[in-house]
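Put together the whole structure using the sequences plus the hints.
Protein chains in written order, with our numbering: chain A, 286 to 767; chain B, 1027 to 1360.
Hints listed in this document are in silico derivations from the structure and should not be mistaken for laboratory results. Please note that a few of the clues may not be correct.
Claimed, not checked - Covered stretches of chain B (in silico footprint by chain A; criterion: 3 or more residues with CB under 8 Å from a CB of chain A, positions within the stretch not fixed):
#1 1105 to 1111
#2 1161 to 1171
#3 1180 to 1189
#4 1246 to 1258
Ideal placement from N, C-alpha and C gives every residue a C-beta, glycine not left out.
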Amino acid sequence: MAATDLERFSNAEPEPRSLSLGGHVGFDSLPDQLVSKSVTQGFSFNILCVGETGIGKSTLMNTLFNTTFETEEASHHEECVRLRPQTYDLQESNVHLKLTIVDAVGFGDQINKDESYRPIVDYIDAQFENYLQEELKIRRSLFDYHDTRIHVCLYFITPTGHSLKSLDLVTMKKLDSKVNIIPIIAKADTISKSELHKFKIKIMGELVSNGVQIYQFPTDDEAVAEINAVMNAHLPFAVVGSTEEVKVGNKLVRARQYPWGVVQVENENHCDFVKLREMLIRVNMEDLREQTHSRHYELYRRCKLEEMGFQDSDGDSQPFSLQETYEAKRKEFLSELQRKEEEMRQMFVNKVKETELELKEKERELHEKFEHLKRVHQEEKRKVEEKRRELEEETNAFNRRKAAVEALQSQALHATSQQPLRKDKDKKKSDIGVHQSGMSLSSSKVMMTKASVEPLNCSSWWPAIQCCSCLVRDATWREGFL
Amino acid sequence: HRKSVKKGFDFTLMVAGESGLGKSTLVHSLFLTDLYKDRKLLSAEERISQTVEILKHTVDIEEKGVKLKLTIVDTPGFGDAVNNSECWKPITDYVDQQFEQYFRDESGLNRKNIQDNRVHCCLYFISPFGHGLRPVDVGFMKALHEKVNIVPLIAKADCLVPGEIRKLKERIREEIDKFGIHVYQFPECDSDEDEDFKQQDRELKESAPFAVIGSNTVVEAKGQRVRGRLYPWGIVEVENQAHCDFVKLRNMLIRTHMHDLKDVTCDVHYENYRAHCIQQMTSKLTQDSRMESPIPILPLPTPDAETEKLIRMKDEELRRMQEMLQKMKQQMQD
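Spelled out as structure tokens, the structure:
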């Protein structure tokens, strides 16, 4: 039962039948409801003004909206083009308008204008991006959102009288797919009527031959089709702006006073200002917003999403839902993330291993060194030991020799046994003390014993030694000693 | 007087500025001849990477028996491309070329018929649509102010009301001072000239830069046929002093200051060029001789200045002798 129901709904979409009403129901007030709702909500409108410095952009805005937007005069020596948006709240008989005027400051002033168009394109894209982000949010409030997308771009053409400037052409080509462009001839009070006609034809010809798509006023709605068609033929509008009022006849009108005449801003014969105001504000404002949303913004959105990888339909031409695509993308992304993590971990492990190996190497080296040093140390120790042993042997040998000599000496002493000398010897012994070497004592003893001795009459050892020294000179004693 | 009339005068005028500022129209109005009969204007896309050309038009005009050989040097393509870096280079090269040619002729053997192709005056057109001088204007004037007499003009002045013209002139004068640009200064008039002349001279100085309007059509205004532009709101008369400074410009250029312009070109700009050239040549020579000595010596400043002084003194002597010779020749011929 459910299946057949579904079939009926999906396959067969019958034409809605038109029925006639028996009485007044009241849904003819729907447009009024819409209007009152819109009025309370307020409208927002964003204009971008692009043109050379001093061409009259601010003056024209002031003239169009019959008020003074405070802007300071721009200098000619800006380094690059920058965009200056300013938002104003206007109110006219209980209709609120949030007007944003974006000024391209410094446009056309630089010597090298190759990159002049870029800040403008970037700004427009940024506004689209903001709107897209808002749209893609999970909790969004689109009706409350302050729409900053540019609805119209007024491009101010310098009135040279010959044709478009090369910069104009390049910039308009870059902008025509992103925003509605309305070209305007600024400061039109410098061109005479015949020149203006030729100029307009030349400009439109150049735009068409270069494929620049400017905004065409819509001609499908019967209410405004006629007037729009006429206006389309007058493009680009030649305008004059002025905020000063001059007395003409007995009225005060906005005009410019020259020595040769007065150019009235709102005189259709003098310039196309009235036409511009009609077209821009009174008739087609809503259409401009429509176009921005349905054409330019959709194009941007499509490009952006395609870039991100979304597609409207896959191989077997079954419409993908955004959610599925999103899921797929997410999975892909996560797996990518995991893979990267693995890679990093792998790298880390490898590095750790390498470092470990290095450290081990170093350790081994250190060990070797240590061993080597130990060995060297032991060698030295052994050598030292050997030397010490040798030294000990020598001292032992010496001691033995000393003992032998002493033994000999004592034998000799026993043989002579001289008492006074013994006394002297004792004295000597006691006087000499410990620090005299055994050698000198024994030698004096020897001298005493070997020499033919007379009892010395000296009381201490020193004179005895001196007498001995005289005796030493005797050769016979020497022989005996040696 | 007779002889100068017989010889005729020659004058070379250069016009420079972005296209569409009315240069050709102004030249037409000044000299009342159409020099640009078959001119081909390039379209916008062709001009995206336009290079500057130099076009010369020579015209012999005669008024009351006085002949004037007028050469107009036009610079189409100036400031037209999207990237205008160094777009004044072809122009400076041209001016230098003319100087060089004259220099060679002067130093040559046969100096009887020297063709003086040096640029005597350059009319630079400033756009009235801006708030003052633009970077490209400043760049051009700074590149040329030591080589040519620059007379700045505000072009297409019919888009400015009198108050705006005054403000713009002040602005431009300020910026010229600020950037150190040496435009052509009108010479001081002698104290024994009559009051009228002095008054005129003062007015002239005060209204520089001139705000001009050009026209090559004749319209009917107040029963008279005048040169002007026809608008739905009125007629701009080119020769009306209250409307624009065209008359002042014409007087200055042709009637009163033409000779002064030529003199300044000869005395100041050409001498600058010549001194520069000779200096370059001497420094090159000394460089060559120094190359022979193996010891690298830094160029000492004082000897160079001395040699320069010597050269200048010798130049002066030469010139004086030349003048004397000329006078003697003239006396002989008379």
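Output the indices of the hints that this structure fails to meet, ascending.
No numbers; nothing is violated.
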